[in-house]
Amino acid sequence: MVSFVLNGKEVEVDTPPDRRVVDLLREDLGLTGTKEGCGAGECGACTILVDGVSRLSCLMLAAQLEGRQVTTIEGLRGGREAGLHPVQEAMVDCGAVQCGFCSPGMALSAVHLLKRNPDPSRTEIREGMSGNLCRCTGYVKIVDAVEAAARKMRSKPAGTAAGDTAP
Amino acid sequence: MEVDELTGKIEVREYLAITEGGRVINPQGFEQQVQGAVAQGIGYALMEQVTLDKGEILNPNFANYLMPTSLDLPDIESLAVETVEPTGPFGMKGIGEVGTNAPLPAIAGAIEDALGVRLTQSPFTAGRVLSLLVPKGQE
Amino acid sequence: MKNVLLPRSLCELWRYWEDEPAATVYAGGTDLLVKMRRGTINASSLICLERIEELQGVEEEGDFIRIGACATHAHLLESSLVQKHLPSLARALEVLGSPPIRNMGTIGGNICTASPAGDTLPPLYALDAEVELCQRDGVRRLTVKDFLVGPGQTRLDQGEVLTAIWVPKADEYNLQHYEKVGQRNALAISIVSLASLVCLSSAGLVEKVRLAWGGVGPTIVTCPEAEKALVGKRLTLKTLQQAAVLVRQTVSPISDLRADAAYRRALAGNLLLRLLELSR
Numbered sequence: 001m002v003s004f005v006l007n008g009k010e011v012e013v014d015t016p017p018d019r020r021v022v023d024l025l026r027e028d029l030g031l032t033g034t035k036e037g038c039g040a041g042e043c044g045a046c047t048i049l050v051d052g053v054s055r056l057s058c059l060m061l062a063a064q065l066e067g068r069q070v071t072t073i074e075g076l077r078g079g080r081e082a083g084l085h086p087v088q089e090a091m092v093d094c095g096a097v098q099c100g101f102c103s104p105g106m107a108l109s110a111v112h113l114l115k116r117n118p119d120p121s122r123t124e125i126r127e128g129m130s131g132n133l134c135r136c137t138g139y140v141k142i143v144d145a146v147e148a149a150a151r152k153m154r155s156k157p158a159g160t161a162a163g164d165t166a167p
Numbered sequence: 168m169e170v171d172e173l174t175g176k177i178e179v180r181e182y183l184a185i186t187e188g189g190r191v192i193n194p195q196g197f198e199q200q201v202q203g204a205v206a207q208g209i210g211y212a213l214m215e216q217v218t219l220d221k222g223e224i225l226n227p228n229f230a231n232y233l234m235p236t237s238l239d240l241p242d243i244e245s246l247a248v249e250t251v252e253p254t255g256p257f258g259m260k261g262i263g264e265v266g267t268n269a270p271l272p273a274i275a276g277a278i279e280d281a282l283g284v285r286l287t288q289s290p291f292t293a294g295r296v297l298s299l300l301v302p303k304g305q306e
Numbered sequence: 307m308k309n310v311l312l313p314r315s316l317c318e319l320w321r322y323w324e325d326e327p328a329a330t331v332y333a334g335g336t337d338l339l340v341k342m343r344r345g346t347i348n349a350s351s352l353i354c355l356e357r358i359e360e361l362q363g364v365e366e367e368g369d370f371i372r373i374g375a376c377a378t379h380a381h382l383l384e385s386s387l388v389q390k391h392l393p394s395l396a397r398a399l400e401v402l403g404s405p406p407i408r409n410m411g412t413i414g415g416n417i418c419t420a421s422p423a424g425d426t427l428p429p430l431y432a433l434d435a436e437v438e439l440c441q442r443d444g445v446r447r448l449t450v451k452d453f454l455v456g457p458g459q460t461r462l463d464q465g466e467v468l469t470a471i472w473v474p475k476a477d478e479y480n481l482q483h484y485e486k487v488g489q490r491n492a493l494a495i496s497i498v499s500l501a502s503l504v505c506l507s508s509a510g511l512v513e514k515v516r517l518a519w520g521g522v523g524p525t526i527v528t529c530p531e532a533e534k535a536l537v538g539k540r541l542t543l544k545t546l547q548q549a550a551v552l553v554r555q556t557v558s559p560i561s562d563l564r565a566d567a568a569y570r571r572a573l574a575g576n577l578l579l580r581l582l583e584l585s586r
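Top line first, the protein sequences correspond to chains F, A and H. Numbering follows this note's numbering, with no gaps: position 147 of the first sequence is 147. Position in the second sequence (first residue = 1) + 167 = this note's numbering. Position in the third sequence (first residue = 1) + 306 = this note's numbering.
There may be inaccurate statements among the hints.
A few chain A residues that face chain H, going by a derived Cβ cut-off under 7 Å, partial list only [as the list claims (entries may be wrong)]: (1) LEU173; (2) MET214; (3) LEU233; (4) LEU238; (5) ASP239.
Since the hints were derived computationally from the structure, they do not count as laboratory data. Don't be surprised by glycine CBs; every beta carbon is placed ideally from N, CA and C.
Just chain F, with the same shape it has in the complex:
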C-alpha cells in the first residue's frame, strides 16, 4: 500500500513496493499520459514531477512515492474547465507536438525548468530539456514553445493558468 498526493488529490494504491512508478501510473491508475520509451533513464518520456522536481518514473519504485506530491501530465491541466497550462498551450500554438510521444515528458521538464529559471535563454532551454529525446521535431519548435510559455508566465506573476497543480 502506498499513499501519496497525485495531481492534487490524496490517493492510496495497493501495489507491490517494487512496482516501477511508470507501471503504477499507467497500469494501476490508468494514467497513460506518462510514456515508457526505454525503461533505462535514457529518453525522458517517463518524466513526472515529484515534489515539483522532474524525475524519471521508470527508475523509481512505488515505495519511494510514500507521502510525496506527484504531478503527471494529466495533472498539469487540472480538469477540462481549467484550460491548458501555458506550457501546453505554447506547445500546441508553436507546433511543438508531432507524434506526441515525447510531449508529456517535455512539458513536465519545461515546467520544472521554468520554475528554476523563469527567463531562460534558448541555450538554457536546450540544457533544461536535454534529458528528453525527440525524434520528430528536431527540438526547434519545442524550444520556441518553452520560450513563449516563459514569456507568458512572466507576464502573469500571480500564478499560472488555473489548473496548475504543480507545486
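Given chain F, work out where chains A and H should sit, using these hints.
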C-alpha cells in the same frame, strides 16, 4: 559548423534548409517535417550507427544507439521553394522524408571546407575527424 | 515481489539491515535500477537511502567541504559552497547525465558505481577527496583513490554505507576545469574526461597542478610526471605538448562500443592543451 581541433568533435552551429516539396499547404507542417528530418540527418551524419557483430545488433537501445539531444542540434531554419507538381494532390509532393538527405553530404562538405579533407565514412565521429587532423605516426 | 524499505535515519538503516542483511542499498537508482532491469544485478530486497537526513547536505567544516553521500547532483549544483570552493566538481556535475538524472543521481552513488568514466571521480581524485564509510559500530575514512579499486569495484565492506565525502577546499587553485568528451552533448558516457586544478602565480608560472583523467584506465588515472613537467613553467603550447606526451605514455585505454583506444590515448593528451586557452 565548427570542428574542435583537440577533440575532433563537430558542432553544427547553424543550419539553413531550402527544400522543394511542391505546393505548401500547411506552412507549419512543412517546417515541422523539415526540421525533424534535418535533425535526423544530422544524427545520421554525426552519431548514429547500427553496430553489428555477425548479424547481432550490439546497440539495440537508446543508451548505445545515439540520436541527437537538444544540445546536439542548432536552430534549424527552413525555407520552402514552392512549385506546383501537377501529378500531386493539390500540387504537393510530400515532405516527410526528403529533408534527411542533405545534412550528411552538407556536413561532409563543411568538413572538407574546414580541414581540406573529405571523410567518406559516416558517422563522422570525433575519432574519425581527429585522425584527419593528426598525421599517422604522430601520437 | 521485493521488499523496498526507506529508512529515515542511519539508526533505522542499521535496524533494517539487521532484519534483511542481504538487502541491496541504493540512493537515486539511476545505476542500480538500470542494472537490475538488464539482469546484471540481482537483489532480493532493496533499501533506499533517499530519506536519510544525515546523508544530505553540503557543509563547510573548517578547511573541508562535507558533502552528504545522498546529495543529488542537482542539489550540489545549487550549492554556493560547491560553486565557490569546488568549481571543477561543479563543471563535472553540469555535464553528468541529464537534468532528471541529476535530480535523482547522487554523488555517493556515482562513487560506489565506480565506473572508470564516472564524471564526479576525476575532480574528486584531483581534489584529494575522502570518503566517510560508516558501519553500525564505527566510522572510517579513505581517500577516493584508495576506495576505488577497479571498474565497478570499491572497498565498501558488507554492512557498510558511504555517508559523506570530505573535500579539502581548493581555493589556492585559480584555474579549475573539467572537460568531458562524449559522443553527444547530453546523456553521454564520458569517452575521456580531464579534471584539472592549476595554481598560476601572478607571473604566469605553474606553482601547483593536479590532473586526473577518466575513461583511460580501470579507474581514474593520474600522471605525476606530467604534473612535475609543468611545475615552474608557463602554460604554453610547447610545455603542454611535452606534458601531453607523458600523459599518452601513462594512460591505458581500451577500445569499446564508444571509442577506440588510439583515439582515447590521443585525446587524453590533447585535453591538456585546453589549459592554454583557459589560462588566457
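Structure-based check of each hint:
1. LEU173: 4 Å, holds
2. MET214: Because about 6 Å separates MET214(A) from the closest Cβ in chain H, which is inside the 7 Å limit, the hint holds.
3. LEU233: With Cβ-Cβ at 5 Å, under 7 Å, it holds.
4. LEU238: 4 Å, holds
5. ASP239: 5 Å, holds
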